[in-house]
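Let the sequences and hints guide you as you build the complete structure.
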Amino acid sequence: MTSAFLDLLGPTLLQSGPPRTDVAIDQDAYKAAFEWPHGCDGCEDQIVGKRFGCDQDANFDLCSKCIHEAATLKPECTFTEAPIPDKVAPHSSTAVATAEILAGKKVLLYFSAHWCGPCRGFTPTLATYYTKLQKQLNFEIVFVSSDSDDEAFAEYFGSMPWLALPYAERDRKEALSTKFNVQGIPTLVVLDEEGAVITTNARGKISSDPDGLAFPYVPKTFRQMLGDRFVNRDGAVFGAGDLKGKVLLLYFATAAVEDCDAFTLRLVDAYESAKAHGHELEVLYLSCDESQNVFDDKLSAMPWLAVPFDAAKTAFTDFAELYELETIPQVVVLGVNQGPTRAVINKNARVPWPPMSVVDLHVSTSSNGFSINDKPSLVSYCHTLEGDDLVQHEADMKTLAAECGRGTVCTGDVCTVQDEPSVVFFTVKTAGGLGDRVRDIAGVKDDDVTGPYAILLDVRGGSAYVHDGLNVDALRKTLQQFQDKALDMKALSF
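Counting in the working numbering, the sequence shown runs from 2 upward without gaps.
There may be inaccurate statements among the hints.
As the list claims (entries may be wrong) - Quick list of simulated restraints, FRET-style, between CB atoms:
no., residue 1, residue 2, range
1, Gly105, Glu327, 36 to 46 Å
2, Gly462, Ala153, 32 to 42 Å
3, Pro12, Ala153, 45 to 55 Å
4, Gly118, Ala275, 35 to 45 Å
5, Asp270, Ala197, 26 to 36 Å
6, Asp229, Gln481, 32 to 42 Å
7, Asn182, Ala275, 55 to 65 Å
8, Pro119, Lys486, 28 to 38 Å
9, Leu134, Glu327, 48 to 58 Å
Unchecked claim - Calculated pairs, DSS-like style, for lysine-lysine (alpha carbon to alpha carbon, straight line, at most 30 Å):
no., residue 1, residue 2
10, Lys221, Lys348
11, Lys399, Lys299
12, Lys348, Lys206
13, Lys32, Lys133
14, Lys299, Lys206
If you're looking for bench data, these hints aren't it; they were derived computationally from the structure.
For glycine and all other residues, C-beta sits at the position ideal for the given N, C-alpha and C.
So this is what it looks like as structure tokens:
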């Protein structure tokens with residue numbers, strides 16, 4: 002490890018010791034309150050306690066309340082209760098010298114917190130990985146806590162078998178988060194023996210590689226992810242040369258998502274029209290289908306190429322991570338190959354290709370080419386509007402989106418125009434789902450609103466503003482106040 006990196010971590014770390022024997026654990030109470038990272042596909046709430054997974058569809062889960070309606074919700078499925086791991090007794094801890102304990106090892110920085118549901122869901126997986134492979138692969142994990150206080154940190158770290166940055170070192174924690182551009186948790190960063198970054202997104206890799214076969218997860222090149230063997234629906238085989246000189250559309254889809262079939266039909270029409278007009282392009286189907294038969298069935302409706310089934314899931318995962326895929330079906334449009342890479346034309350394409358300026362939150366969490374997590378977002382709760390009122394409001398939202406489509410950024414006495422939108426726009430035309438999730442984190446209760454309203458959400462800034470009504474001039478004024486930093490934003494509640 003370089004001295005600069007060791008300085009970031011500080012002279013000492015905490016080392017987890019053996020489980021304490023003086024702590025009694027109520028396993029029944031723990032499992033009853035266990036929070037899964039999964040949402041229930043019946044009621045759409047987060048699953049707490051028992052979770053029942055469909056044996057025929059790995060992406061369909063029910064909670065203990067909805068399992069009684071399984072025959073109606075998913076009649077083709079049989080369901081099995083997913084086991085909840087026992088809670089282990091908290092570990093004791095001692096201070097150790099940073100340079101000595103990390104010498105000659107790869108280091109995994111684990112940014113996490115007990116209050117974060119996905120973190121609690123991933124930590125047992127990481128603990129199993131660590132216990133099984135740490136000595137064999139010669140690595141160490143350092144927990145970098147975002148817990149709210151020292152007591153919460155101590156309880157959470159007590160369940161971990163690795164090292165931790167002392168909770169009191171808040172300045173070091175902030176410096177590490179900044180250096181590795183941590184935007185959310187859980188985040189797992191892998192460093193080599195000198196402290197150089199190998200990957201900043203190892204969480205998904207470890208979840209899909211429990212035996213550590215691909216450790217330390219050196220990022221693949223574009224060519225490695227793409228491969229050089231493709232097939233079409235007739236079984237003919239093609240190579241990378243068949244894509245040369247063409248715009249490439251990566252089509253992410255699966256039979257498990259019903260919307261994919263309808264989107265495929267639209268994409269076929271657009272593809273054939275583009276071909277008829279002489280455009281040089283190719284679509285490449287990236288599937289995460291569960292069987293060769295399902296893959297073949299879906300490909301039979303597509304006039305383009307596909308990554309073969311035996312390589313499709315890996316390619317899907319690699320490209321989904323590279324382009325930060327959040328929903329499917331989705332198309333990523335890439336330019337003509339320039340050497341080993343291709344420029345991104347549109348990362349969140351719909352038909353037609355330009356990103357939609359206003360998107361319903363039930364359709365996608367990306368609008369105008371950006372995720373709701375990456376840009377301030379105006380979310381309009383217009384589900385009580387009908388007819389001409391709804392049509393007019395959607396037109397108003399598009400007008401506001403166009404006004405926020407370009408912005409001026411000033412640094413010192415130099416100002417430049419940027420093409421990225423300053424705010425992205427969403428509608429919620431049907432109650433429930435992600436719209437309710439945004440309401441919850443913005444702290445909106447049913448009694449707080451009596452009619453149509455909007456939420457200005459800034460996930461990265463950790464704040465939100467609730468706007469009563471949907472008058473376009475009032476919304477425009479609110480957006481301007483936000484740009485001027487004159488809006489009274491409230492902290493989000495995750």
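| Are there hints from earlier that the structure breaks, and if so, what are their numbers? | Going through the list in order, the structure violates hints 2, 3, 5, 6, 7, 9, 11 and respects the others.
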